[in-house]
Each structure stands twice: as structure tokens, then as C-alpha cells.
Amino acid sequence: MTPTPLLKVVPVSEPEFAEWSVHSEDFNVWYRDAHILNDINVRFPAKGITCIVGPSGSGKSTLIRSINRINDEVPGFLSRGSISFNGKDVYTDYKDLTILRTEIGMVFQKPCVFPKSISENVLFGVAKTRKLSRAERLILVEENLRAVSLWKEVSYRLDDSATSLSLGQQQRLCIARTLAVKPKILLLDEPTASVDPVSGRAIEELLLKLKKDYTILLVTHDLQQTKRIADHIVFLCDGEVIEQGDKAKMVTNPEHQKTKTYLSDSFCEC
Amino acid sequence: MSNRSIANTAFVFLSRLATGICGFILVFLIGVIVWNGMNSMNIQFLLSEASNFGASGGILYQIVGSLLLVVMASVLVMPVAIGTALFKSEYITSPALFRLSSILIYSLNGIPSVTFGIFGLIFFVNILGTGISWFVGSIILAMMMLPTIVLTTYQSVNSIPSSYRENAYALGLNKWQVIVKVLLPQSFHGAVTGLLIALARAIGETAPIMFIATAFSGITVPGSLFDPVVSLPTHILALAQQATNEAALQNAWGSSLVLLSLVLVFSVSALLSRLRLKEISQR
Ligand SMILES: Nc1ncnc2c1ncn2[C@@H]1O[C@H](COP(=O)(O)OP(=O)(O)OP(=O)(O)O)[C@@H](O)[C@H]1O
Ligand SMILES: [Mg+2]
Numbered sequence: 117m118t119p120t121p122l123l124k125v126v127p128v129s130e131p132e133f134a135e136w137s138v139h140s141e142d143f144n145v146w147y148r149d150a151h152i153l154n155d156i157n158v159r160f161p162a163k164g165i166t167c168i169v170g171p172s173g174s175g176k177s178t179l180i181r182s183i184n185r186i187n188d189e190v191p192g193f194l195s196r197g198s199i200s201f202n203g204k205d206v207y208t209d210y211k212d213l214t215i216l217r218t219e220i221g222m223v224f225q226k227p228c229v230f231p232k233s234i235s236e237n238v239l240f241g242v243a244k245t246r247k248l249s250r251a252e253r254l255i256l257v258e259e260n261l262r263a264v265s266l267w268k269e270v271s272y273r274l275d276d277s278a279t280s281l282s283l284g285q286q287q288r289l290c291i292a293r294t295l296a297v298k299p300k301i302l303l304l305d306e307p308t309a310s311v312d313p314v315s316g317r318a319i320e321e322l323l324l325k326l327k328k329d330y331t332i333l334l335v336t337h338d339l340q341q342t343k344r345i346a347d348h349i350v351f352l353c354d355g356e357v358i359e360q361g362d363k364a365k366m367v368t369n370p371e372h373q374k375t376k377t378y379l380s381d382s383f384c385e386c
Numbered sequence: 005m006s007n008r009s010i011a012n013t014a015f016v017f018l019s020r021l022a023t024g025i026c027g028f029i030l031v032f033l034i035g036v037i038v039w040n041g042m043n044s045m046n047i048q049f050l051l052s053e054a055s056n057f058g059a060s061g062g063i064l065y066q067i068v069g070s071l072l073l074v075v076m077a078s079v080l081v082m083p084v085a086i087g088t089a090l091f092k093s094e095y096i097t098s099p100a101l102f103r104l105s106s107i108l109i110y111s112l113n114g115i116p117s118v119t120f121g122i123f124g125l126i127f128f129v130n131i132l133g134t135g136i137s138w139f140v141g142s143i144i145l146a147m148m149m150l151p152t153i154v155l156t157t158y159q160s161v162n163s164i165p166s167s168y169r170e171n172a173y174a175l176g177l178n179k180w181q182v183i184v185k186v187l188l189p190q191s192f193h194g195a196v197t198g199l200l201i202a203l204a205r206a207i208g209e210t211a212p213i214m215f216i217a218t219a220f221s222g223i224t225v226p227g228s229l230f231d232p233v234v235s236l237p238t239h240i241l242a243l244a245q246q247a248t249n250e251a252a253l254q255n256a257w258g259s260s261l262v263l264l265s266l267v268l269v270f271s272v273s274a275l276l277s278r279l280r281l282k283e284i285s286q287r
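Chains A and B supply the protein sequences, listed in that same order.
Okay, so the first sequence: first residue is 117 according to my numbering, each after it adds one.
Okay, so the second sequence: first residue is 5 according to my numbering, each after it adds one.
Just so you know, these hints were derived from the structure itself, not from any lab.
In this text, a Cβ means the ideal position worked out from N, Cα and C, and glycines have one as well.
Honestly, I wouldn't trust all of these hints.
Claimed, not checked - As a list, the in silico DSS-like pairs of lysine-lysine whose alpha-carbon atoms are at most 30 angstroms apart: (1) B:K185 with A:K298; (2) B:K185 with A:K300; (3) A:K232 with B:K179; (4) A:K268 with A:K232; (5) A:K163 with A:K365; (6) A:K247 with A:K298; (7) A:K232 with A:K244; (8) B:K179 with A:K204; (9) A:K244 with B:K179; (10) A:K268 with B:K185; (11) A:K211 with B:K185; (12) B:K179 with A:K300; (13) A:K163 with A:K211; (14) A:K211 with B:K179; (15) B:K185 with A:K244; (16) B:K179 with A:K374; (17) A:K268 with A:K244; (18) A:K298 with A:K268; (19) A:K325 with A:K343; (20) A:K204 with A:K327; (21) A:K226 with B:K179.
To be verified - Restraint-style ranges between C-beta atoms, simulated for each label pair: (22) B:L108 with A:A162: 49 to 55 angstroms; (23) B:L279 with A:V314: 34 to 40 angstroms; (24) B:V184 with A:L254: 23 to 29 angstroms; (25) A:T279 with B:N40: 48 to 54 angstroms; (26) A:D275 with B:L268: 36 to 42 angstroms; (27) A:L248 with B:L108: 39 to 45 angstroms; (28) A:S382 with B:P165: 26 to 32 angstroms; (29) A:A251 with B:E94: 32 to 38 angstroms; (30) B:L268 with A:A251: 47 to 53 angstroms; (31) A:A251 with B:E53: 57 to 63 angstroms; (32) A:A150 with B:N162: 23 to 29 angstroms; (33) B:S221 with A:R246: 54 to 60 angstroms; (34) A:D354 with B:N162: 49 to 55 angstroms.
What the hints assert, rightly or not - Per the computed footprint, the stretches of chain B lying under chain A, defined by three or more beta-carbons under 8 angstroms from a beta-carbon of chain A, are: (35) 182-196; (36) 213-225.
Please construct the entire structure, taking both the sequences and the accompanying hints into account.
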């Protein structure tokens, strides 16, 4: 079932494959006996922000957790179909999951810093394979903390415990830690849900800045946020993709009534 | 008064009584040992060699020997216990194996200490021909300490939220790196607490070491791994058997007080370590 998209006949109106950074074909997920995702066919364009929206329990987290295969750790997880990332199937072409996960970074809903210093947290994923020189460490820490606009706030206390930061700062530190590994794609599962509105806005600004260099997949419940920052929207409901497309089309002129109702009232009867 | 409130009052009374009895026994035992032991307590007693079969002189080498036994036992048991706990928590997926491992650990905990002693005597001293050896004593003590440390370490590894593991995997760490960089640092305190609890028990054990590791007198510091030592609990046992000798009995009380103090040091450290652990897990 490995897709050979380069040879595939693509309808004229759709962009070339190279612009689709991640796409899935008939992707299904079960947790034990529960069928969670049903024949998912989605395409996430390279660069820019794709928001994945849908009611609670619709399988948004399950979908993005399947892309970097963090779900493999969940007992009872089973998948069928394919997810490809730049032409490679993440389920068959990556024997070494650590490589896949350095290429696809992920930030979770609840900030989870390690009980170590701020700079050790930034370097956590980088320092795993090789010893870094002092200069390298300093550069990496500053560069990535600047990238998430945290540098000014913490530059004078890099050796303090990361647990002493506020939740919003911790979440930005988690993003910095993920960026330090130099992924090509960022998966974010409701990154602003457990932080205060101001930090939430700071994270949105940050994502807008990062979208020039990264493909960003953002799961969110916040429709206002979606309307502010999305370039592309995927609407999931009850384990199925109802509709996907550009923000403009999805918001102003959706094909499905369900999409229209959800994107205006955040309500869905599926 | 209604039946219910009578029952209630009776229950409160009984549980107070039970607590009172526990407290009384503890205070009584400690009181008797301190009262009798204080008489022989002085620097001279702590820092000189036993002579005249323990009836005179001090217990320097008994203290050294006991510490030597438990320190070596700790060195031996820690890697095994931490490894077992991590294996149980991170690698065993089959429920049957998991249950089996729990049963094994609890059974090991339930084996009477004298059985360990006999096992050591037969297996090491007779079959392997090690002779009376303090190192073999440490191995046997390590086996006795194992379940306690495995259980506390397992509890602390298991209580690390899975989000830490997921975050580490998401950064591209492999399982081994997750264990070394995330799980070990966050559960080490549990292992230390378990070690201290186990030490408080092990240092007072007599039966497991009396056949295989200790001699009664005439020994200072062992010259090699396969020499005997003298130890506090076996010294107390030997002195107490000379029931007609006033001086020997007095020294038995003194030795008991020293042993009790060592146990207390380990127990209090375990308690402090446990409190610290709780503080960390509530963060
Ligand atoms: N580890 C698991 N084991 C079994 N079922 C699970 C597991 N994780 C999620 N599910 C189920 O899968 C379905 C989809 O869950 P998922 O977390 O993907 O939803 P979601 O869209 O992210 O919801 P939310 O917006 O509330 O985060 C739910 O019905 C959930 O109960
Ligand atoms: Mg979710």
C-alpha cells in the first residue's frame, strides 16, 4: 500500500505532491476494539499552519499522535492504511523511530518540563546522542529561547529549575526544546489550552513567525484562534474527516452544512 | 445512648487502646535498652577491641563489621533492585508475567531469615567452598533487602506520569535514554528510601549471617573478601548466652544500645527521605 504519489494522476486544481508535506491514505486507528479513526484521507500542505478542529473525542489527538507514532506506546493501539511524510510512509519506512521523531516534533497540551534547569530542558533532545561543547550549548540555548521569545524573560536564570517558570513560559520552553531538535514539522496538540490568554497570544504570535520555516499542524478547540492563524483547516467529526481546505473557503463557503455549523457555533451533531 | 453511639465509643476506645499498647511496648523496649545500655556506654567502649570473650573491652570491630556487611550488601543490591524495578515497570507487558513477578517479589520478602542463612551455608560455604566469609554474608543480606527496595523503586517509577515518557519519546529519545535521563533521576529517591528501610532491618539480622559470615571473637578487620567478621547482632547473641557472667551481660546491653541507635539512624533517614519524596511527587 505504499503510495507512489509522484506517479499518481493528480487533478489539475490540486497542488503538486511536493507541496503536501504530510498526507494520509485510508488511515484507520483502533484502541483495542474501539474504531477511532475511519478512513482518514488528509493532506497537510508544507509550510504554514493547518488547524485540525472538531468536537471533543473526534480523534484529533489520535490523528496527530499517529503522525510521529507516539501512539505506538499506547497499549492496544492498532493502525491500518498509510501516513506519508515527504514521500515516506511513517509506518513502514522508518525502522528507527527516533529519527522519525526528530524530523517530526511534537508539543502536548499540558506543558511538561523535566525537573532540570532551563538550559538543560532546551538541550534535552539535542544532547541525547552526542556531547555538546560549552559554546555549542550556549548558542543552542540562546537561539531557541529567542525563537520562542523567552530569552529576555529567562536569560539571567538559565540554571534555575524549569519547574519555577509560569505555565505559559513552560509551554514556550517546551516549544523551544522541540525546535532545538530541528524538526521539519511541528505537531501541536492544543498548546494554548492550559495557559493564560496572554501567553496563549504569545504562542500564536510565535506560530505565525515559525510558519515561514515549518509545517505546523495545530489541534485546537478555539475557533477564534483558528480564524486568526490558520491557513488551512481540517474538520474532523466522530473519527471522520468531514471537510478540509483553505481557511477562506472553509469559513466563508464550506461544502457541508456540518462544517458551517461547527465553524460558526462550534457545535456538531455527529 | 443509642446502640450506634455505644459502638462508636467502643471502637474509638479500642483503637486508642491498641495505639496505646503499641506505643507502650515501643517505649518500654527502648527505655529498658537505653537504661541498661547507658551504664556501659563510653568512648572507650565504642573505640576499643573486645577482649575476654566480650566480657571486657569494647565493640569497635563489631561496629566496623556490621557496617561493612551492610555497606557491601547495599552496593550489591542497588543495581539489581533498580534494574528489576525498571524492568517490571517498563518492559513487562504481559499481565501473567507481571503477576508472576509480583508474586516472586512478595515471596522473597516472606522467606524467614534463618532460611536465607541455611541457604547461604549450603550453597556458598559447602557447595562453592567459600568458607566463612563476610562477603557471602553481604550477598545473603542483599537478597533479603532486595524485595523492599524493588517495591519502593517500582512505586516511584510507576508514579512518574506517562507524559514525561511521551515528551521524551517525542524529542527522539529511545527507550534506554528515556530510562537513564528521565525515569532514573525521578525515581532514585524511591530507591534510596527503600535502601534505608531495608538497611534498618538488615543491620539487626542475626540468623542469615551467623552460620556463614561471622566468628565470635579474635577478629579485627577482615583481610580479604573470604574472611569472617564480627558483628553486633551475633556479638549480642553470644554475650547473652553467658547468662551467669555479669560483665558479659552488661556489654550485651551496651551493644544492643549501639545497634538500636544504628537502626534508628537508618529509620529516621528513611522517614526524612520519604517525606522529601512526597514533596517531589506533589510538585
Ligand atoms: N489510550 C486510549 N485508549 C482507549 N481509547 C482512547 C485512548 N485515547 C483516546 N481514546 C478514545 O479515542 C477517541 C478519540 O480521542 P482523542 O483524544 O483523539 O479525541 P480528541 O479529538 O483529541 O478530543 P479532545 O478535543 O477532547 O482532546 C475518544 O473516544 C477517546 O475516548
Ligand atoms: Mg485531544
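Hints and how they fare:
1. B:K185 with A:K298: holds (20 angstroms)
2. B:K185 with A:K300: holds (25 angstroms)
3. A:K232 with B:K179: holds (19 angstroms)
4. A:K268 with A:K232: With Cα atoms ~20 angstroms apart, K268 of chain A and K232 of chain A stay inside 30 angstroms; holds.
5. A:K163 with A:K365: At roughly 19 angstroms apart (the allowed maximum being 30 angstroms), K365 of chain A and K163 of chain A satisfy the hint.
6. A:K247 with A:K298: Holds. K247 of chain A to K298 of chain A sits at ~17 angstroms (cutoff 30 angstroms).
7. A:K232 with A:K244: holds (15 angstroms)
8. B:K179 with A:K204: holds (24 angstroms)
9. A:K244 with B:K179: OK: K244 of chain A and K179 of chain B at ~12 angstroms, within 30 angstroms.
10. A:K268 with B:K185: Holds - the C-alpha atoms of K185 of chain B and K268 of chain A are around 28 angstroms apart, at most 30 angstroms.
11. A:K211 with B:K185: holds (23 angstroms)
12. B:K179 with A:K300: holds (23 angstroms)
13. A:K163 with A:K211: Since the Cα atoms of K163 of chain A and K211 of chain A sit roughly 26 angstroms apart, the hinted pair holds (cutoff 30 angstroms).
14. A:K211 with B:K179: Holds, at roughly 14 angstroms.
15. B:K185 with A:K244: At roughly 9 angstroms apart (the allowed maximum being 30 angstroms), K244 of chain A and K185 of chain B satisfy the hint.
16. B:K179 with A:K374: Roughly 43 angstroms separates the two Cα atoms, so the pair is violated.
17. A:K268 with A:K244: holds (26 angstroms)
18. A:K298 with A:K268: Holds. K298 of chain A to K268 of chain A sits at ~22 angstroms (cutoff 30 angstroms).
19. A:K325 with A:K343: holds (16 angstroms)
20. A:K204 with A:K327: holds (22 angstroms)
21. A:K226 with B:K179: Satisfied, since the Cα-Cα distance of roughly 22 angstroms is no more than 30 angstroms.
22. B:L108 with A:A162: 49 to 55 angstroms: holds (53 angstroms)
23. B:L279 with A:V314: 34 to 40 angstroms: holds (37 angstroms)
24. B:V184 with A:L254: 23 to 29 angstroms: 24 angstroms Cβ-Cβ, so the 23 to 29 angstroms window holds.
25. A:T279 with B:N40: 48 to 54 angstroms: holds (50 angstroms)
26. A:D275 with B:L268: 36 to 42 angstroms: holds (37 angstroms)
27. A:L248 with B:L108: 39 to 45 angstroms: holds (42 angstroms)
28. A:S382 with B:P165: 26 to 32 angstroms: holds (30 angstroms)
29. A:A251 with B:E94: 32 to 38 angstroms: This hint holds: roughly 36 angstroms between Cβ atoms.
30. B:L268 with A:A251: 47 to 53 angstroms: With Cβ atoms ~51 angstroms apart, the hint holds.
31. A:A251 with B:E53: 57 to 63 angstroms: Given about 59 angstroms between the Cβ atoms, the range holds.
32. A:A150 with B:N162: 23 to 29 angstroms: holds (25 angstroms)
33. B:S221 with A:R246: 54 to 60 angstroms: holds (58 angstroms)
34. A:D354 with B:N162: 49 to 55 angstroms: Cβ of D354 of chain A to Cβ of N162 of chain B: about 34 angstroms, so the range 49 to 55 angstroms is violated.
35. 182-196: With 4 residues closer than 8 angstroms to chain A, the segment 182-196 of chain B meets the three-residue bar; holds.
36. 213-225: That given contact is violated, which follows from only 0 residues of the segment 213-225 of chain B lying within Cβ reach (below 8 angstroms) of chain A.
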